[in-house]
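Peer 1: Add chain B to chain A, keeping to what the hints say.
Number of protein chains: 2
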Amino acid sequence: MPVYSAPTKDMSFILHDVLNVNNEDIAGYSDLEPDFVSAILNESAKIAENVLAPLNAVGDKEGCRLENGVVRTPTGFKNAFEQMKEGGWTGLDCDPDYGGQGMPFILANAVTEMFSSANMAFSMYQGLTHGAYSAIHAHGSAAQKAQYLPKMVSCEWTGTMNLTEPHCGTDLGLMRTKAIPQEGGSYKITGQKIFISAGEHDLAENIIHLVLAKIEGAPAGIKGVSLFIVPKFMVNDDGSLGQRNSLSVGKIEEKMGIHGNSTCVMNYDEATGFLVGDEHKGMRAMFTMMNEARLGVGVQGYAQAEVAYQNALDYAKDRLQGRDITGTKNPDGPADPLIVHPDVRRNLLDQKSFVEGARAFSLWGAYLIDRAHRNKDKDADGLVSLLTPVIKGFLTDKGFDLCIQAQQIYGGHGYIEEWGMSQFARDARIAMIYEGANGVQALDLVGRKLAQDGGKYVLAFFGLVKSFVSETKGQNEAFDRGFLDPLKKASKDLQGAATYFMQNGMKNPNHALAGSYDFMHLFGHVCLGLVWSKMAKAAHDALENGTDDAAFYETKLETGRYYMARHLPATGMHLARIETGADPVMTLKAANF
Amino acid sequence: MPVYSAPTKDMSFILHDVLNVNNEDIAGYSDLEPDFVSAILNESAKIAENVLAPLNAVGDKEGCRLENGVVRTPTGFKNAFEQMKEGGWTGLDCDPDYGGQGMPFILANAVTEMFSSANMAFSMYQGLTHGAYSAIHAHGSAAQKAQYLPKMVSCEWTGTMNLTEPHCGTDLGLMRTKAIPQEGGSYKITGQKIFISAGEHDLAENIIHLVLAKIEGAPAGIKGVSLFIVPKFMVNDDGSLGQRNSLSVGKIEEKMGIHGNSTCVMNYDEATGFLVGDEHKGMRAMFTMMNEARLGVGVQGYAQAEVAYQNALDYAKDRLQGRDITGTKNPDGPADPLIVHPDVRRNLLDQKSFVEGARAFSLWGAYLIDRAHRNKDKDADGLVSLLTPVIKGFLTDKGFDLCIQAQQIYGGHGYIEEWGMSQFARDARIAMIYEGANGVQALDLVGRKLAQDGGKYVLAFFGLVKSFVSETKGQNEAFDRGFLDPLKKASKDLQGAATYFMQNGMKNPNHALAGSYDFMHLFGHVCLGLVWSKMAKAAHDALENGTDDAAFYETKLETGRYYMARHLPATGMHLARIETGADPVMTLKAANF
Numbered sequence: 002m003p004v005y006s007a008p009t010k011d012m013s014f015i016l017h018d019v020l021n022v023n024n025e026d027i028a029g030y031s032d033l034e035p036d037f038v039s040a041i042l043n044e045s046a047k048i049a050e051n052v053l054a055p056l057n058a059v060g061d062k063e064g065c066r067l068e069n070g071v072v073r074t075p076t077g078f079k080n081a082f083e084q085m086k087e088g089g090w091t092g093l094d095c096d097p098d099y100g101g102q103g104m105p106f107i108l109a110n111a112v113t114e115m116f117s118s119a120n121m122a123f124s125m126y127q128g129l130t131h132g133a134y135s136a137i138h139a140h141g142s143a144a145q146k147a148q149y150l151p152k153m154v155s156c157e158w159t160g161t162m163n164l165t166e167p168h169c170g171t172d173l174g175l176m177r178t179k180a181i182p183q184e185g186g187s188y189k190i191t192g193q194k195i196f197i198s199a200g201e202h203d204l205a206e207n208i209i210h211l212v213l214a215k216i217e218g219a220p221a222g223i224k225g226v227s228l229f230i231v232p233k234f235m236v237n238d239d240g241s242l243g244q245r246n247s248l249s250v251g252k253i254e255e256k257m258g259i260h261g262n263s264t265c266v267m268n269y270d271e272a273t274g275f276l277v278g279d280e281h282k283g284m285r286a287m288f289t290m291m292n293e294a295r296l297g298v299g300v301q302g303y304a305q306a307e308v309a310y311q312n313a314l315d316y317a318k319d320r321l322q323g324r325d326i327t328g329t330k331n332p333d334g335p336a337d338p339l340i341v342h343p344d345v346r347r348n349l350l351d352q353k354s355f356v357e358g359a360r361a362f363s364l365w366g367a368y369l370i371d372r373a374h375r376n377k378d379k380d381a382d383g384l385v386s387l388l389t390p391v392i393k394g395f396l397t398d399k400g401f402d403l404c405i406q407a408q409q410i411y412g413g414h415g416y417i418e419e420w421g422m423s424q425f426a427r428d429a430r431i432a433m434i435y436e437g438a439n440g441v442q443a444l445d446l447v448g449r450k451l452a453q454d455g456g457k458y459v460l461a462f463f464g465l466v467k468s469f470v471s472e473t474k475g476q477n478e479a480f481d482r483g484f485l486d487p488l489k490k491a492s493k494d495l496q497g498a499a500t501y502f503m504q505n506g507m508k509n510p511n512h513a514l515a516g517s518y519d520f521m522h523l524f525g526h527v528c529l530g531l532v533w534s535k536m537a538k539a540a541h542d543a544l545e546n547g548t549d550d551a552a553f554y555e556t557k558l559e560t561g562r563y564y565m566a567r568h569l570p571a572t573g574m575h576l577a578r579i580e581t582g583a584d585p586v587m588t589l590k591a592a593n594f
Numbered sequence: 002m003p004v005y006s007a008p009t010k011d012m013s014f015i016l017h018d019v020l021n022v023n024n025e026d027i028a029g030y031s032d033l034e035p036d037f038v039s040a041i042l043n044e045s046a047k048i049a050e051n052v053l054a055p056l057n058a059v060g061d062k063e064g065c066r067l068e069n070g071v072v073r074t075p076t077g078f079k080n081a082f083e084q085m086k087e088g089g090w091t092g093l094d095c096d097p098d099y100g101g102q103g104m105p106f107i108l109a110n111a112v113t114e115m116f117s118s119a120n121m122a123f124s125m126y127q128g129l130t131h132g133a134y135s136a137i138h139a140h141g142s143a144a145q146k147a148q149y150l151p152k153m154v155s156c157e158w159t160g161t162m163n164l165t166e167p168h169c170g171t172d173l174g175l176m177r178t179k180a181i182p183q184e185g186g187s188y189k190i191t192g193q194k195i196f197i198s199a200g201e202h203d204l205a206e207n208i209i210h211l212v213l214a215k216i217e218g219a220p221a222g223i224k225g226v227s228l229f230i231v232p233k234f235m236v237n238d239d240g241s242l243g244q245r246n247s248l249s250v251g252k253i254e255e256k257m258g259i260h261g262n263s264t265c266v267m268n269y270d271e272a273t274g275f276l277v278g279d280e281h282k283g284m285r286a287m288f289t290m291m292n293e294a295r296l297g298v299g300v301q302g303y304a305q306a307e308v309a310y311q312n313a314l315d316y317a318k319d320r321l322q323g324r325d326i327t328g329t330k331n332p333d334g335p336a337d338p339l340i341v342h343p344d345v346r347r348n349l350l351d352q353k354s355f356v357e358g359a360r361a362f363s364l365w366g367a368y369l370i371d372r373a374h375r376n377k378d379k380d381a382d383g384l385v386s387l388l389t390p391v392i393k394g395f396l397t398d399k400g401f402d403l404c405i406q407a408q409q410i411y412g413g414h415g416y417i418e419e420w421g422m423s424q425f426a427r428d429a430r431i432a433m434i435y436e437g438a439n440g441v442q443a444l445d446l447v448g449r450k451l452a453q454d455g456g457k458y459v460l461a462f463f464g465l466v467k468s469f470v471s472e473t474k475g476q477n478e479a480f481d482r483g484f485l486d487p488l489k490k491a492s493k494d495l496q497g498a499a500t501y502f503m504q505n506g507m508k509n510p511n512h513a514l515a516g517s518y519d520f521m522h523l524f525g526h527v528c529l530g531l532v533w534s535k536m537a538k539a540a541h542d543a544l545e546n547g548t549d550d551a552a553f554y555e556t557k558l559e560t561g562r563y564y565m566a567r568h569l570p571a572t573g574m575h576l577a578r579i580e581t582g583a584d585p586v587m588t589l590k591a592a593n594f
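Those protein sequence lines, which keep their order, are chains A and B.
Taking the numbering used here, I'd label the letters of the first sequence as residues 2 to 594.
Taking the numbering used here, I'd label the letters of the second sequence as residues 2 to 594.
Here are the simulated lysine to aspartate or glutamate pairs, EDC-like style, with alpha carbons at most 16 angstroms apart: (1) B:590 - A:325; (2) B:62 - A:255; (3) B:10 - B:34.
I should point out that these hints are in silico values taken from the structure, not numbers from a laboratory.
The shape of chain A in the complex, shown without the other chains (with noise of 0.2 angstroms):
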């Protein structure tokens, strides 16, 4: 049975020490006091470790059933979603005029990694439902949010995002579903939508239905597309529930993970919908979901990397096999443990360094989330939101490769159910793919991102780096060498690709697009050099003043020293990839291929 210990010390490393969060100047933040951040911390983990990570292996051999339309989620998933829910989880960030607690997101996304380590198929259903609360709250009226919030808050009602179709995935401008105006103002929808993630279920007395469709008449294509509630059931005006609206569960997905969640395709055959905003606007109110589910799906990543890496590494500490070359360390056993051996420490270090390094880069997103919402900072929106395709994708990428790695680490026991290492990895791919492929994430980095306002806050990240190196140089020759001087490096590879794409991507946007790819994972790259040469800043600051956990602080430098080693060596590489441009890419002909 594989274990999980939700990492609250390094949460709190990164919130206190490295991002000082209680002195920022963001509303709400002064009250994320150490005690208080470590009693949320502390209560999450218990419901993760103790009521959520026990039924992920259930969830995943159970899978969700179709029966009679009826969706039934694995065993126990029913009472661990009344404690979430009775625990107050499921409002922790959202708006107090709904039942919300109106914590910063910063420490939601903390919580939501330790739920996403623990059961990622089962946080899910929570996941999907503050989307759609994000949606409705942005967008929806006055009497859509009295009617619908509170209750999504509570999770009595959960939520789905409905935009995929048979035919366009990516291409929502491709859309069929259509909506027809009724009197009264409302809308009959009709179409087929799939890849529902908890579509239909047992957890929940209704489920609140977001669906892109296009009222007739529209404009062709995306900008055609509208947004609507359409509720499983109606909901009275009393808040009591009514008629079940005619929209069905097609089938459930066979997939190759989260098996714990129902993927469902939904039928809608003239369902009852209610426009949220205007018409034709669906797609900013969904892109209201869409980036912060991208910023939860990268946690996702990262966040099966690090149960995987906490397996793996119990794992490379029990297992027996083999002598250290350099002398034995386990004499009166029969063979030393996994640990001694160099290339299974390379193995955990990557895992180790990596998952860090991306908590801390996931949480600084978070802050910078918070800075833009609560302060109306929009520089720090631009920052975050050039940033945000780096998080989901680069994150999640890796986080499905360290899976692997962490997979390979048990050997044959790595490919046997169940010891729980192929769930890891099956559930992990699937953050790779959903909200958005990361292809796709490549493309808005390079092709929007990158350029917008000007190219104004991809110059304000490299500002970043260059204040922090200026800061910090200078003090300790041991640091410079260890982390700014390949933080440099790295920041300059980035900086020579943007070049790159800016003198050729005018002429040939392949020039870029061909690389997209490659920057996304250059730029990653370099982020987590940036937050680990705080962190290590940090680290050495607080060995210097004296601590009692020097065990800890030494730790987290030779981690950091560790990725800025063996990492950061790849935006040489995605550099060169880059610089080849377009024609290694475009010049075969596709049926040549």
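Peer 2: Leaving out everything else, chain B in the frame of chain A:
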């Protein structure tokens, strides 16, 4: 339903245009005229495409079931196995003295790829039998060969390899299975073996288990291990089957993939076994099987990537989504096919250029094996021994990665089991683990093979690169720039890594072992760079000399250019990682992970 079309044309190109097999002075190679080779490849393609491929998804879905000690293989497997046997495909390269067809290994290697692409789990029943055949053929007595080999060549009886026990995988010295000598020369074998592929099934009337065990009083550790034949049914002197041996299936493992192959826990309870070769020399005999098996596993790696690529390509041509940024390509349709998009092409070309390079590398390895075995060429034997861990480790790692990339082309559909892309990835995953996990391959490469005979074989490899470059350079500027320059750069990186190991590994072997995994990948890239340069030269010559099939050769050149431009820059990254040495990997105390 996934498609598969055997790449016979590409195989013929490698065998004839590049390796020029029928003009090589290797016993049996003069028979390998293009027409003859084509006939064999086309016939095996029919079996692969029409018999095996249609059962691939069936095997995944149904899996193998254990009922009252009997294992049932998936629907259709028995019939397909009969067709394999009837066609003579089970003994293609086996000794004619025992009913084999005596063809060169290189031809069997090509056929293995097709069968693996079409149905990896199915082809393992024959693959394991071939491994067991090879061990008995090399180390068994004349009587044992006469008794067992004819039925194994025909696959009337299948074979297995029993190495792993619950507490010992890589470190076979920890083995507990015992062999107690009996009167008459046989042994009683008692112990439990795990991960036994094809351990029990309904495809053959008998199963010949090769089991490693320790004879009572044997030396401790790996030097006390002996190899035994332990038949499921005893074989009478007249070849008929006698009584059931006392061995049984404990259970079938539930695995991430290759569900169609029965992976068994095997219990031996005083089962009758017969010593193969000398007492305590079991590892030597097992290595005969393992080296062959490792090459076969390398083939599985790129074979899965090949079939995954074929399907990803089909999807990329069919699926309409978005528009070409440089101008609509499909004005009559609602959108352009995916293949217009640069990042989709980047992904497809990653796959295509890897698979074709891997195939050439693997066939070159098979050529070296034929030269080593048929001509008793010790240099060829040394070189292929050096390359074996690279073929196994690099081709399976990359093969899996590229299955994941192929799956990504499908977006959400890639995650749904019915589309088949998940199976390719799940099946390919095992190839990184079994027959020596890839970390062990890297250890074998750097810890044993690299310095073998004073580094003679790695120097020979560098000599091959050097002489190819000096023979071909200066004839064509584009060829030099596109192929020879990057090949020289990559080869220099490999030499730099080898030099680093030499200079630092002496004082501390961990300086070498901490870089072993990167070295294996660095070496793999240089090998593919070399074979791609050779393929490009052959394509270039064909175009210069005039050909009816210019598109094929031009595509080959383009694909090769892509590999050199986009894959080879990885060598600099691997070198940089290697040159950080042992410290980043070894400094952190195990307790502080």
